[in-house]
Each structure stands twice: as C-alpha cells, then as structure tokens.
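There are 2 protein chains.
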Amino acid sequence: MASSSRLALPLRRIKCSPGTFQRNFRARPAAQVRWTGSTAATSEPHQQDRKGGIKDGPAPAKAIKFTSDSYPELKRDSKFAQITEEHVNFFKEVLGLQSAVIDGVSTDAADDIEPFNSDWMRKYRGHSKLVLKPGSTEEVSKILKYCNDNMLAVVPQGGNTSLVGGSVPVFDEIVISLQQMNNIRSFDEVSGIFVADAGVILEVADNFLAEKNHIFPLDLGAKGSCQIGGNVATNAGGLRLLRYGSLHGNVLGIEAVLPDGTIVDDLSKLRKNNTGYDVKQLFIGGEGTIGIITGISILCPQRSPAINVAYFGLESYEKCQEAFQEAKNQLSEILSAFELMDGRSQRLVNKATGKKMPLEGEHPFYCLIETSGSNSDHDSEKLQSFLEHVMETSVVSDGVLAQDQTQIQELWACREGIPECLGHWGGVYKYDLSLPISSMYDLVNDVRDRLTKVGLVGNDESYPVVDVVGYGHMGDANLHLNVPTRRYDKEVERQLEPFVYEWVKGKNGSISAEHGLGIAKKSFIRYSRSDTMVKLMKQIKNLYDPNGIMNPYKYI
Amino acid sequence: MASSSRLALPLRRIKCSPGTFQRNFRARPAAQVRWTGSTAATSEPHQQDRKGGIKDGPAPAKAIKFTSDSYPELKRDSKFAQITEEHVNFFKEVLGLQSAVIDGVSTDAADDIEPFNSDWMRKYRGHSKLVLKPGSTEEVSKILKYCNDNMLAVVPQGGNTSLVGGSVPVFDEIVISLQQMNNIRSFDEVSGIFVADAGVILEVADNFLAEKNHIFPLDLGAKGSCQIGGNVATNAGGLRLLRYGSLHGNVLGIEAVLPDGTIVDDLSKLRKNNTGYDVKQLFIGGEGTIGIITGISILCPQRSPAINVAYFGLESYEKCQEAFQEAKNQLSEILSAFELMDGRSQRLVNKATGKKMPLEGEHPFYCLIETSGSNSDHDSEKLQSFLEHVMETSVVSDGVLAQDQTQIQELWACREGIPECLGHWGGVYKYDLSLPISSMYDLVNDVRDRLTKVGLVGNDESYPVVDVVGYGHMGDANLHLNVPTRRYDKEVERQLEPFVYEWVKGKNGSISAEHGLGIAKKSFIRYSRSDTMVKLMKQIKNLYDPNGIMNPYKYI
Chain F
1 MASSSRLALP LRRIKCSPGT FQRNFRARPA AQVRWTGSTA ATSEPHQQDR
51 KGGIKDGPAP AKAIKFTSDS YPELKRDSKF AQITEEHVNF FKEVLGLQSA
101 VIDGVSTDAA DDIEPFNSDW MRKYRGHSKL VLKPGSTEEV SKILKYCNDN
151 MLAVVPQGGN TSLVGGSVPV FDEIVISLQQ MNNIRSFDEV SGIFVADAGV
201 ILEVADNFLA EKNHIFPLDL GAKGSCQIGG NVATNAGGLR LLRYGSLHGN
251 VLGIEAVLPD GTIVDDLSKL RKNNTGYDVK QLFIGGEGTI GIITGISILC
301 PQRSPAINVA YFGLESYEKC QEAFQEAKNQ LSEILSAFEL MDGRSQRLVN
351 KATGKKMPLE GEHPFYCLIE TSGSNSDHDS EKLQSFLEHV METSVVSDGV
401 LAQDQTQIQE LWACREGIPE CLGHWGGVYK YDLSLPISSM YDLVNDVRDR
451 LTKVGLVGND ESYPVVDVVG YGHMGDANLH LNVPTRRYDK EVERQLEPFV
501 YEWVKGKNGS ISAEHGLGIA KKSFIRYSRS DTMVKLMKQI KNLYDPNGIM
551 NPYKYI
Chain Y
1 MASSSRLALP LRRIKCSPGT FQRNFRARPA AQVRWTGSTA ATSEPHQQDR
51 KGGIKDGPAP AKAIKFTSDS YPELKRDSKF AQITEEHVNF FKEVLGLQSA
101 VIDGVSTDAA DDIEPFNSDW MRKYRGHSKL VLKPGSTEEV SKILKYCNDN
151 MLAVVPQGGN TSLVGGSVPV FDEIVISLQQ MNNIRSFDEV SGIFVADAGV
201 ILEVADNFLA EKNHIFPLDL GAKGSCQIGG NVATNAGGLR LLRYGSLHGN
251 VLGIEAVLPD GTIVDDLSKL RKNNTGYDVK QLFIGGEGTI GIITGISILC
301 PQRSPAINVA YFGLESYEKC QEAFQEAKNQ LSEILSAFEL MDGRSQRLVN
351 KATGKKMPLE GEHPFYCLIE TSGSNSDHDS EKLQSFLEHV METSVVSDGV
401 LAQDQTQIQE LWACREGIPE CLGHWGGVYK YDLSLPISSM YDLVNDVRDR
451 LTKVGLVGND ESYPVVDVVG YGHMGDANLH LNVPTRRYDK EVERQLEPFV
501 YEWVKGKNGS ISAEHGLGIA KKSFIRYSRS DTMVKLMKQI KNLYDPNGIM
551 NPYKYI
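As you go down the protein sequences, you meet chains F and Y in turn.
Per UniProt numbering, residue 1 is the first one in the first sequence, and the count goes up by one each step.
Per UniProt numbering, residue 1 is the first one in the second sequence, and the count goes up by one each step.
It is worth saying that the hints were derived from the structure and are not from the lab.
Do not take every clue at face value.
Because identical chains share one entry, a pair is satisfied inside a single copy or across any pair of copies.
Unchecked claim - Taking lysine-lysine and the DSSO-like style, the derived pairs with C-alpha atoms no more than 27 Å apart in a straight line are:
id, residue 1, residue 2
1, K356, K212
2, K490, K522
3, K92, K145
4, K212, K490
5, K79, K65
6, K142, K535
7, K351, K507
8, K541, K490
9, K490, K356
10, K538, K142
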C-alpha cells in the first residue's frame with residue numbers, strides 16, 4: 001500500500017493507509033456522500049415511546065397526538081385560571097397586537113398557533129390558545145407578573161427543539177416565545193465575552209462570532225433553530241463540551257425574570273466574581289421552571305483555524321479506552337472530539353445506506369477523533385505521531401485521516417448518520433445516558449444478551465429487534481444506547497424498562513446526560529437522583545415559583 | 001546583540017535578546033534569586049484595613065487583635081446558645097476524645113485551640129472554645145444536626161488560608177475542622193475524574209494526580225496548606241483559571257451536610273447529568289454559610305509536559321490589550337497565563353530588592369506569558385512566531401524567553417514577588433477587583449491622579465503614599481490595585497474609599513474577583529450586587545440555614 005506524507009506509518013502495521021482513504025472517498029462524486037437509506041425516518045423521525053425511551057420511525061402523517069391523550073394520567077391542574085378576554089386585553093395592551101398569537105379567544109391575529117403547540121419531532125402537542133412574543137425583558141416581567149397574579153400557567157419557548165417535550169404546552173398554558181428578543185447586545189474582542197438576548201438563534205450567534213474569529217462554546221445539530229436562551233435553560237451539551245466544558249463554566253451572567261416579575265439582573269461580563277451565591281446556576285438546566293432567561297453573557301473562545309479528523313477501528317472496548325487515554329495524553333490541548341461507535345452500529349449504517357465505509361473489513365469498535373488548534377502543521381504532526389503510536393502498540397487496528405474538508409464531513413457522517421440509519425427497519429428505542437466510562441459499554445452487551453436470551457433479536461422479520469447498538473460521546477462518557485426494531489413490541493419494552501434505568505442507577509449514572517427531563521423523563525428522575533436531591537430540587541422550585549405556573553407537568 | 005535559536009527575531013527590533021536574558025540570570029548564583037527587600041513584611045505580612053482594603057506591613061508581634069475588637073459594631077447574636085458541658089459530652093460521644101479540642105470547658109485535650117481561632121495573616125481572631133474534627137460525613141451530619149437543634153453557631157474550617165477572614169470564628173462559634181477527612185476516594189485515569197474528602201490538601205491532591213500524569217485544575221500560592229473542600233467552598237480562582245476555567249465548570253459533584261444534618265449526596269462522577277437543578281453550584285463559593293462540603297468530585301486535565309514563559313515590555317495599556325488578543329489568537333489552546341504588571345510595580349520591585357530586572361531600560365507596562373502544551377517544540381515555535389509578530393508590529397517593545405526551569409521561576413518571580421516587595425515601605429492598601437478588560441487600568445490612573453492631586457504621593461518621607469500600582473491576571477480581567485504607603489493615613493483611606501468601590505460599581509465590576517466575601521467584604525457587597533441579587537441570596541441562605549448557625553457574621 002502507498003505510504004503518505006501525512007500519515008507515514010510503518011507499512012506492516014497499516015491495513016488501510018490514507019491512500020486507501022482517498023480511493024474510497026475522493027473517487028466518488030460529492031452527491032453520493034449523503035445518506036440515502038432512511039428517507040422514511042427523515043420525514044417522520046420520532047415517535048414517543050411512552051415508557052421514557054424514544055422510538056424513531058415512521059409516524060402517521062395525520063395530526064400529532066395530544067400529549068394529554070398520550071399521557072392520560074396527566075390532568076389539567078384546576079388551580080390554574082382559564083384565559084379570558086380580559087386577560088387577552090391586558091396582554092394586547094402590554095405587547096401590542098403584533099406580539100400575541102391568539103386562537104379561539106379572539107380573531108385579531110392571523111398567525112397560526114399550531115407550530116407553538118407541537119414539537120419538531122411531532123411527539124408532543126398542547127392545547128394552548130395564546131402565544132405571547134415579548135420584545136423586551138420589561139415586557140416579560142409585566143406579563144409574567146400578571147400571569148402569576150392571575151394563576152395563568154405559562155411555557156417559556158425558545159427554538160422549540162427540545163428532545164423531551166420541554167418547550168410545548170400540555171394543556172392550555174400560555175406560550176411565551178422569546179423569538180422577538182433576538183438582539184446581540186455586545187461583544188468584547190479582547191476578553192471574548194458575548195452578551196445577547198435569549199432569543200438569538202445559536203447559528204446566528206456563532207456566525208457573528210466567526211466574523212470576529214471566535215466561536216460559541218457550544219454546537220448542536222439543531223443550531224439553525226435553537227436559541228441560546230433555550231440552550232442555557234436546558235444546559236445543552238453538544239459537540240464542543242469535551243474541549244470547552246459545560247455551560248455552568250462558560251456562562252458568566254444571566255438576565256432572567258421570575259414568576260413574580262422580578263428581573264434577576266445578573267448579566268455579569270466578568271470572568272471572576274466571588275461575591276455571594278451563584279444563583280444564576282439554578283437557571284442553567286432549570287428548563288424554564290423557575291423563571292424565563294431573557295439574556296445571557298458567555299465566554300467565547302478563539303476559533304481554531306486547523307481541524308483534523310481521524311477514524312479508526314479497534315478490537316475491543318478496552319482498546320477504545322486505551323486509545324482515549326492515549327489521545328488525551330498526546331493530543332491533550334488540541335483534542336476536540338473523541339466519539340465511539342460500535343461495529344454493529346457501523347454495520348447497520350452500511351446496511352441501511354449501502355455506502356462503503358472508510359475502513360475495509362470489520363472491527364468490533366470504531367472511534368472518531370477530531371483535533372482543533374491554532375497551527376495545522378503542528379496538529380497534523382501530533383495526530384500522526386499519536387496514530388503511529390496507537391497502531392504500533394496495537395491499540396488501534398486500522399485507521400484513516402481526512403485530507404480535506406469534504407473528507408472531514410464524510411468521516412463525521414459515519415458518526416452523525418447513525419441515528420437516522422437506525423430508523424431504517426421501523427423504529428428505535430433510544431436512551432441518552434451518562435455512565436462511568438469503564439463500564440459504559442457493558443450496558444449495551446447486557447441489554448443485547450437480555451433481549452437475545454428471550455428470543456427477541458434476529459436477522460429475519462419474525463424477530464422484532466434488529467440489533468442492540470451503542471455509540472456516543474466517549475470523551476464525555478455519554479452513551480447512546482439504541483435498539484433498532486422492525487415493529488413496536490410490548491415484550492421488548494418490558495425487557496428494556498425498568499432494566500435499563502435500574503442498570504444505570506446501579507452504576508450511579510444519569511438517565512439524561514444532555515437532553516434534560518422535560519415531560520419524557522419526569523417520572524424517571526429517581527433513577528438518577530436520590531430522594532434527598534429531589535427534595536432539595538422541589539424546595540428550589542417552591543422558592544421561586546410558589547404558584548407553580550412555570551412550565552407545569554414537567555421536570556420534577 | 002547575539003541572535004538565538006529560540007527567539008530568532010530580526011536584530012533591528014530586539015532591544016534585549018535571549019542572550020541578554022542569560023547574562024542577567026544565569027551568571028547569578030541560585031541563592032540570590034530570592035527576594036530580600038521585605039523581611040519585615042514577611043514576618044508580619046498583613047494588617048487589617050478596617051475599611052475593607054488590606055494593609056500589608058509590619059504588625060506588632062504581640063497577640064492578634066480580636067475581630068470583635070476590630071469590628072466593635074459586631075455583637076454576638078444572643079439567639080445562639082453558650083456551649084455547656086452537656087454539649088461537649090455529646091460531641092465526645094460522637095467523635096471520641098481525640099477529635100475535639102476544648103479550651104476553657106474541659107481540660108481533656110492538650111491540643112492548642114489558638115491556631116483554629118486566628119488566621120495565617122494574623123488579622124482575625126475569634127473566641128472559640130471548641131474545635132471538632134469529624135472523621136466522616138456521618139459524623140459531620142450528627143454534630144451539625146445537634147448544633148442546629150441546640151442553636152450552636154459553627155464555622156467550617158479547611159486549611160484556614162482565607163484572605164477575607166472567612167474561616168475563623170468571630171465570637172464563640174464552634175470550629176468544625178475538616179482536617180481529619182483527608183482520604184482520596186478514587187481516581188479514574190481514563191476520564192480524569194478525581195473524588196476525595198474535602199480535607200485533602202490541594203498540594204497532596206496535585207502530587208497524587210502528577211503521578212497519574214494529571215493536574216488539579218486549580219493552583220494557588222497556598223496550595224501547601226489549603227484544602228480542596230475549602231477551595232470549592234470559596235470558589236478559588238488562582239493561576240490555572242485562564243486555561244482550565246472555573247470550579248463551577250470543573251466540579252462534577254459535591255457531598256455536603258446541611259445544618260439540619262441532611263447529607264447532600266450529589267457526588268456525581270459524571271461529566272454530564274441533566275436531571276434537575278444543579279443545586280451543588282450553590283455550595284461552590286457559598287463560603288460554608290449553607291452547609292459543609294465533605295467531599296468533591298472534579299474533572300482533572302492531563303498534565304502538560306511543555307512549559308514556556310516569556311516576559312516583555314510594552315509602551316501602553318492599549319498595547320497590552322493588543323498583545324493579549326494576539327496571544328489568544330496565535331497561542332490559543334496552549335496559552336495558560338497572561339499576567340500584567342505596570343512599570344511602576346516593576347520599578348518598586350527593583351527598588352525593594354535591588355535585583356536586576358529581566359529587561360534593560362524601563363517600560364510603562366510588562367506582560368508575562370506562559371504556555372503549556374503537549375509538545376515542547378511546537379509550543380516554542382508558536383511562542384517564537386508570536387513574539388516575532390508582536391515585535392515586528394511594535395505591539396511589544398522588548399522581550400525575553402526563559403530557557404530553562406530556573407529562568408521560568410525567575411520570570412514568574414517578577415510577577416509573584418510584587419505583593420511582598422510593595423510592603424517594603426511600610427504598608428499596602430490592596431484591592432482584588434474584576435473589571436471590564438478595556439477600562440481595567442484606568443482605575444489605577446484615576447486613583448493615582450486623585451491621591452497626587454491632594455498631595456499624598458511623593459518620593460520623600462513627608463508623603464504617605466509611595467506610588468499607586470496595578471498588576472494582576474490580565475487573562476481573567478482581574479486587577480490587583482495596590483497603594484504602597486510609608487505609614488497608615490486616614491486621609492489616604494478617605495481618598496480611597498468609597499471612591500474605589502464606587503468606581504468599580506460604575507463599571508459593573510466586582511469588588512472581590514477571587515478572594516470571596518468573608519468578613520472583610522461583607523459590608524461592601526452592594527457595590528457589586530444589586531438589591532435584587534442580595535435579596536435572592538438571602539432567600540437561599542434562609543432556605544438552607546433558617547437558624548443562621550452557619551458561619552455567622554460574614555458573607556451577606
């Protein structure tokens with residue numbers, strides 16, 4: 001095989017050199033890069049698994065089922081008032097006609113209320129008849145105080161991209177949309193501190209920062225729709241966490257409104273401020289249950305000009321851990337992603353798409369490494385030296401290195417394309433879990449054994465389960481356990497739950513690594529949190545929202 | 001001048017090449033590296049400035065003044081019970097004889113109580129007659145519950161290295177020392193997650209991690225004495241913040257005990273956990289006022305094998321900002337410190353020590369840059385290219401690069417030696433402030449102008465003020481404003497306060513960037529926090545500590 005200037009590994013160790021990589025990828029027209037095997041799943045991507053997991057797969061095109069029908073045990077809390085004409089008149093007075101979307105109460109507005117009532121996955125749908133779009137923090141304060149005084153329940157809504165039904169109403173809660181609060185307030189190029197309204201779209205913020213040679217320290221698939229206030233309210237994780245850390249560290253300040261109308265003016269532009277309890281932290285991940293975030297101040301790092309991506313095969317999960325440790329050692333400050341995919345997930349991607357994979361042959365595990373740094377030559381040299389080391393020491397069996405931006409995207413597609421491809425056979429039971437890294441993959445094996453033992457897994461149509469696969473952000477010990485199925489099956493569900501949650505609890509893991517609680521995981525919090533912690537959380541909820549008007553029926 | 005292989009700058013631009021650096025430093029015996037001009041300040045380093053600033057300088061060797069005498073407006077709260085024999089018997093029963101230090105109630109213990117009653121700066125001294133040293137979280141729970149039930153006030157104490165009097169009693173509060181809870185509980189080499197008792201000394205933790213090729217993401221001058229629980233309780237900033245971020249991002253879990261004995265079991269070993277309010281954040285920087293941290297879980301990065309340090313002179317504060325921005329650009333992921341020193345501070349260091357400074361000639365400003373990364377050659381190349389750029393574009397006027405570990409320490413001494421040297425003339429008024437980076441140094445000029453205008457600053461003994469200088473962590477926008485004086489002077493104090501605090505407030509800065517509030521800054525919180533924020537903080541305090549027994553007379 002040909003050697004390469006960028007990955008000059010000893011020939012005896014290389015099963016697949018960059019030459020092969022180029023043959024695989026460069027010879028193919030660009031149009032074929034897109035995944036093709038999952039159009040059904042794309043058009044109707046998700047269906048609710050009522051037991052807390054998410055089923056991916058074709059859903060009927062007709063109107064989305066009301067959440068109140070999917071969750072018949074949820075009853076509208078009678079303490080909340082019904083919206084009257086008088087209420088609506090008050091809101092119109094505060095906000096003006098253009099900022100209220102009203103359905104069934106008045107016919108002033110032609111705007112359709114349905115997009116605010118249901119989520120993008122078409123899994124949750126509420127009965128709200130009123131959407132308010134305040135244009136300033138003061139307006140949020142006025143309407144929230146009025147709602148609190150009049151016992152009107154509300155749902156704060158950002159880009160409405162929640163994966164757990166956190167941003168849509170269940171009954172007739174008033175939707176408070178932040179979409180009209182979308183000003184970038186300031187950016188300091190010396191300190192990298194960015195201040196903006198909560199309703200700024202993540203991608204808009206990131207594009208603005210790109211022009212200033214900075215990045216938003218968070219990246220998500222939903223970046224084109226999600227809002228930065230929503231990102232902070234849900235403590236979004238995403239793709240840059242390994243490198244830049246969590247929002248609890250990066251968010252420097254928050255402006256928020258409490259149910260009683262109090263404006264929490266904690267929009268600090270300081271990196272250090274040790275003057276009292278860090279109250280703003282409660283709003284990070286609070287999912288709009290104690291107040292509405294209206295503005296954020298966040299520390300943004302410099303944009304890295306050099307990005308490199310490698311993809312490799314490994315013989316065991318132990319080798320993956322060794323590779324991760326070695327990557328942290330040798331790539332240290334430039335490591336920006338370390339993703340794990342088991343061989344089964346890659347085989348199903350291959351089956352679903354028919355697409356040739358980057359490596360020849362099959363391996364039990366694959367990892368994707370991304371580096372980003374300020375000097376391309378240095379980073380390539382580090383990555384090459386890392387790859388030589390892990391191949392010489394047999395940690396890694398085979399590997400390829402992307403040579404250009406297109407190849408970078410194609411390697412990333414092997415990881416990012418998984419969720420879509422797994423829907424190819426019908427549906428998917430999905431779990432977003434945090435586990436101690438050493439035992440993370442054991443869960444996948446245990447679930448597979450369990451389902452196999454009772455005869456649920458097989459290669460032909462008589463078996464409901466296609467396979468049990470695992471992938472995720474290895475760098476963050478965040479596992480996505482996925483069970484692609486040919487059809488929904490009560491027995492599969494009985495085998496999965498509460499088994500998976502109990503398993504996670506046994507390892508002190510988390511049943512929601514990055515997606516939050518919303519409505520989907522509300523009932524399962526005790527698998528991740530002790531009674532004491534739940535009690536402390538309820539105290540916080542009662543402290544800030546004694547009337548319980550904020551995002552009811554969800555969270556804890 | 002000689003050119004160098006490490007800093008090959010065009011000759012015309014170099015005023016001081018690495019050759020000069022070597023001449024300055026290498027020819028001198030190692031023993032001379034130590035600062036010598038401030039022995040008086042060393043033996044009695046600090047005296048309380050009652051108006052909130054800190055006076056450095058010789059203090060009488062006699063017993064330390066009681067805090068209750070320095071702050072006569074503080075009265076013992078009569079709601080707290082006096083310690084009785086019965087109380088002591090209960091504690092002895094729970095802890096055993098060896099874990100209680102008793103003074104004036106019983107003579108069982110020979111251990112001296114004074115070190116627990118006063119701080120290392122000899123500024124604060126309490127009247128406590130009882131020190132308890134629990135050995136487990138359960139013991140902490142039992143004694144705290146008892147104290148709460150019996151209205152006995154307590155002061156949690158870690159390494160007792162507070163700079164604001166946060167860790168010593170004021171009156172007869174019971175000291176709860178964490179020193180016997182010093183076990184390292186676990187370390188995961190793959191994830192870098194370290195779990196330990198609160199009483200583990202920071203240096204012990206860091207040495208343990210060094211053996212595993214990791215570092216604790218926090219470094220402090222007091223590392224040999226301070227405890228990691230205390231670091232978290234005070235949200236310590238320190239030297240690694242620019243690179244690794246704050247404890248709000250790095251601390252993954254906390255085990256703490258509330259006044260009512262509740263054990264907050266939030267010692268997560270997960271990097272991601274989005275299941276409810278992040279309650280533990282309230283304990284980070286809570287200064288022991290809502291509970292006692294007994295264990296922490298923290299994410300530790302890989303140790304960087306390559307460290308480089310450069311020191312350079314600049315003509316204006318604007319150039320310092322340009323250099324910082326350029327350093328973030330070019331050094332990005334390897335930049336681990338960017339420190340600012342004004343020319344006046346360096347001149348006083350030179351006057352106090354007689355020591356030759358790294359650069360010839362004088363410059364209005366100096367900066368120190370440290371890089372740390374995984375590859376020494378790469379880092380040197382980046383730093384060299386950065387230095388070439390900033391010298392060619394006249395951002396930096398002159399610079400030197402350390403060639404070995406000794407030189408690294410000597411360059412750092414130009415920054416770290418400042419506080420000690422400034423005490424040379426008598427005392428120092430000191431302020432630890434966060435300010436927007438663009439206007440950070442304006443405060444130093446404004447204070448100097450103000451004191452000069454009223455005739456307080458001059459070169460001979462008739463003037464109280466020697467000079468007004470500024471230095472600090474430029475990377476964190478953390479300014480240390482220092483006013484070295486020949487003697488304490490009421491007029492100087494009147495000119496400084498509230499002027500400094502009002503100036504900081506006008507820029508939305510913080511009156512305590514990293515030292516916390518303790519007793520020293522309790523009265524000044526409103527200069528950094530609005531009435532709303534103070535109200536929200538008091539709510540938190542009342543929620544967790546309704547009896548107010550935790551670290552009373554301090555914080556908010």
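Status of the hints after comparison with the structure:
For a Cα distance limit of 27 Å, the shortest separation of K356 from K212 qualifies neither inside one copy, at 39 Å, nor across copies, at 41 Å. Taking the shortest Cα distances, K490 and K522 sit within 27 Å of each other inside one copy (21 Å), while across copies they are farther apart (60 Å). For the identical chains of this complex, K92 and K145 are intra-copy neighbours only, at 15 Å inside a copy versus 53 Å across copies, given an alpha-carbon limit of 27 Å. Taking CA atoms no more than 27 Å apart as the test, K212 paired with K490 passes in neither setting, with 53 Å inside one copy and 48 Å between copies.
Within a single copy, K79 and K65 get their C-alpha atoms as close as 25 Å, which meets the 27 Å cut-off; across copies the closest is 59 Å, which misses it. In the homo-oligomer, the alpha carbons of K142 and K535 lie at most 27 Å apart only across protomers (20 Å), although the nearest pairing inside one protomer, at 31 Å, exceeds that limit. For the identical chains of this complex, K351 and K507 are neighbours neither inside a copy (33 Å) nor across copies (60 Å), given an alpha-carbon limit of 27 Å. For a Cα distance limit of 27 Å, the shortest separation of K541 from K490 qualifies neither inside one copy, at 35 Å, nor across copies, at 49 Å.
Taking CA atoms no more than 27 Å apart as the test, K490 paired with K356 passes in neither setting, with 35 Å inside one copy and 80 Å between copies. Taking the closest pair of Cα atoms, K538 and K142 come within 27 Å of each other both inside a single copy (26 Å) and across two copies (24 Å).
Going through the hint list in order, the structure does not satisfy hints 1, 4, 7, 8 and 9.
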